[in-house]
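Given the coordinates of chain A, assemble chain B onto it according to the supplied hints.
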Amino acid sequence: AQKITQTQPGMFVQEKEAVTLDCTYDTSDQSYGLFWYKQPSSGEMIFLIYQGSYDEQNATEGRYSLNFQKARKSANLVISASQLGDSAMYFCAMRANSGNTPLVFGKGTRLSVIA
Amino acid sequence: DAGVTQSPTHLIKTRGQQVTLRCSPKSGHDTVSWYQQALGQGPQFIFQYYEEEERQRGNFPDRFSGHQFPNYSSELNVNALLLGDSALYLCASARGWGPAKNIQYFGAGTRLSVL
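Respectively, the protein sequence lines represent chains A and B.
Every letter in the first sequence is one number past the one before it in this note's numbering, and letter 15, counting from 1, is 15.
Every letter in the second sequence is one number past the one before it in this note's numbering, and letter 82, counting from 1, is 1082.
Source of the hints: derived by calculation from the structure; they are not laboratory data.
Treat each hint with caution, since some may be false.
[Said to hold, decoys possible] Dumping the calculated DSSO-like pairs for lysine-lysine here, alpha-carbon to alpha-carbon at most 27 Å:
#, chain 1, residue 1, chain 2, residue 2
1, B, K1101, A, K73
2, B, K1101, A, K70
3, A, K107, B, K1101
4, A, K3, A, K73
With the rest of the complex left out, here is chain A:
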């Protein structure tokens, strides 16, 4: 079984500052993928970034980077230069590489960017 834990129900960040959203996971699988999705108030779940468990480098996508620490089973999302449009719910998720298993999500973190 897989489990995702997001311990920050809500976070505030000043515009143009960087923010880190925490995510820890638990799995018995050796090969898996980790994901972050953004969900604005409109409801759509927007894919942000992916990290494979065997990837040697941390993933980056524009202002998003994933701080992957395999031994600690953590996959924190770092957003640099926050913008007002970054205000949303952020979900960490994972799935095993075998058998097209479904995504398992955490409970999410609500990020509010302050001008």
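This is chain B only, laid out in the frame that chain A set:
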């Protein structure tokens, strides 16, 4: 390039009724998954379709059923609606049947209210 589209966007039903939600996958995608997202929670996996067959199923009762058509679009049916079925229903599509790096892209969801 159209993304994942879902219809309707909102729906109000009464207890005991039946509902059908629809999903068209992203162009080039052939795997469709359905998730239920209760208020304040992360999405929970309902089931997944590939090659017109249900391949994986989460912990949901038989009242939840689905279908995938030859054009890869999908329907989610819920019978004998309960108040607890009120939620955002999200559809996600991916290319092929395979590892975690086959990213799942989501639609904007259908918000179902059961009165």
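- Kindly indicate which numbered hints from before are broken by the structure, ordering the numbers from low to high. none
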